[in-house]
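K.L.:
Protein sequence lines, in the order shown, are assigned to chains R and D. 1 is the number of the first residue of the first sequence in our numbering; add one for each residue after it. 1001 is the number of the first residue of the second sequence in our numbering; add one for each residue after it.
Derived from the structure by calculation, the hints contain no laboratory data. Given the structure is predicted, the values throughout are model-derived calculations rather than measurements. For glycine and all other residues, C-beta sits at the position ideal for the given N, C-alpha and C. You may find that some hints are simply not true.
With the C-beta cut set under 8 Å, the calculated list includes, among others, these residues of chain D facing chain R [as the list claims (entries may be wrong)]:
| no. | residue |
| --- | --- |
| 1 | GLY1076 |
| 2 | ASP1079 |
| 3 | LEU1090 |
| 4 | ASN1119 |
| 5 | ARG1121 |
| 6 | PHE1149 |
| 7 | GLU1163 |
| 8 | SER1166 |
| 9 | ASN1168 |
| 10 | LEU1169 |
| 11 | GLU1182 |
| 12 | GLU1190 |
| 13 | MET1234 |
Derived BS3-like pairs (lysine-lysine); straight-line CA-CA distance at most 27 Å [said to hold, decoys possible]:
| no. | chain 1 | residue 1 | chain 2 | residue 2 |
| --- | --- | --- | --- | --- |
| 14 | D | LYS1072 | R | LYS3 |
| 15 | R | LYS7 | D | LYS1072 |
| 16 | D | LYS1072 | R | LYS148 |
| 17 | D | LYS1207 | R | LYS78 |
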Amino acid sequence: MSKLTLKFENSVLNEVAVGPKEVSIGRSPDNGLVIDNPAVSHYHARVFNEDGRLMLEDFGSLNGTFVNGQRVKMVSLKPGDSVAIGKHTIIVSDSRDAADPIWKGGMQKPAAPKINETVMLDTKERREFLQKVAAVGESSQPAPSRVKVATLVVRKGSTDKREYALSDKLTVIGKSPMATVKLKGWFAPKAAAQINRREDNSYYIGAADRVPLVNGAPAVHPTKLAAGDVIEVAGVEMKLVYPD
Amino acid sequence: MEIEFGARTDVGRARANNEDCFRAAPEINLFVLSDGMGGQSSGEVASRLASEAVIAHCCEAATNASLPIIGKRDEGVSDAANRLASAIRLANSAVRAAAQENAALSGMGATAVAVMLTNERASIAHVGDSRVYRLRNGELQQLTRDHSFVGEQVRQGLMGEEEASSSNLQNVLLRAVGADAEVQVEVNEELFAEGDTLLLCSDGLTKELSDSQIANVLAHIDDPQEAADQLVDMANAAGGGDNITVIVLRNAPRLVGAFQKIGRWFKGS
């Protein structure tokens, strides 16, 4: 059986199960799930079971019903879906007891709440979710094939080259054999600092043996780099640029 | 480089079986952790199959350099990292094949996180919400991003950290080994400098302990096996709601580090 959990910000306001009878949602007190807010229509939407599927229908409400960020008229719901009505959220979950193969633990732990078990979104859900996040600038997909690679230009200090393209995911600044930006000098640290290129093609600098300065401020924690940033570490000063 | 390691897996206090699994091939500095999911006991099968497939592929590559890489090569990372990604793609096929052969295993899947150390480079490949952390100078940093619904919401700015940690959608994964015909493996490389500690763990640890609790254990217990035991014991004491698995890797500091520190004093930096 499916369950609807009504939330406002972090607090849970109500929970209703969707059985054979539909659950209507709206501002009027005779709804199965009442949301007392002017942004919500008196009879806003309904959730019901049909052919073994959980359906949501918006009654042509003024402010709309959104499932996982998308405005919907009639849609089938799955556990994990997030339904937004005004500033309220309704979380769909599955309260059935039988073991579903995607629930981690399955039948072994009937006493435990299902909420603690790991699930995979099925392929279709995952695709839909990834499409949705792609629309607003997705961070979990690899960057497009034409990635813009930044370059470090050395302005001061003793290094083996004057410029370094940051094409690797890890760039180490130091005297170590694995360092890309090779420091010279007796007291140069093996690994002064490191720069990581992340999957979304952003760059972060982090301290290793030294705390680097980014535009004069110590980067104690990993710090995101932007074009034009000046990095100082272990006696070397470099500028991050994006060549045309 | 001298690597010390310790590892432990525990069923926890609420589950009847342990669906976590770890495997290590210390001779090639390879460490793998996997958290299985699925009905009956298929989660156990998935995590074991995944871990062992990763180990087997990398060990084979160690003696046969021409062993093909499965999937697309990432030019931004080393051979070791590409090999790990290749191994997880192979594990994906292995888990799916087993699930197709045996109806009782249908729908099983697993997370996977694999670390290979080459000198001071840590190559990391992962799928799902098992994590890698690094402790450096007392500070704990999460090196992997969870491939989970909640993790993605936080990255998109749609959900705050606090809301995320109390969300009932915490366990919804966006990527898993065995979920699809093709698995998207995230690959990263990190510096594993002298004195650094790496922690691989399943979510059973991080659901029970805070970052500062974890950092405290790793910073104060030198022996990696003792640290691993302590982390598991603390997670159990905090409730042990899920299976708990940890691998602790330490790049033991050597004398040369001390000389460099003296050098730093002279330089005044």
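K.L.:
Among the hints numbered above, which are violated by the structure, and what are their numbers in rising order?
P.N.:
2, 3, 11, 13, 14 and 15
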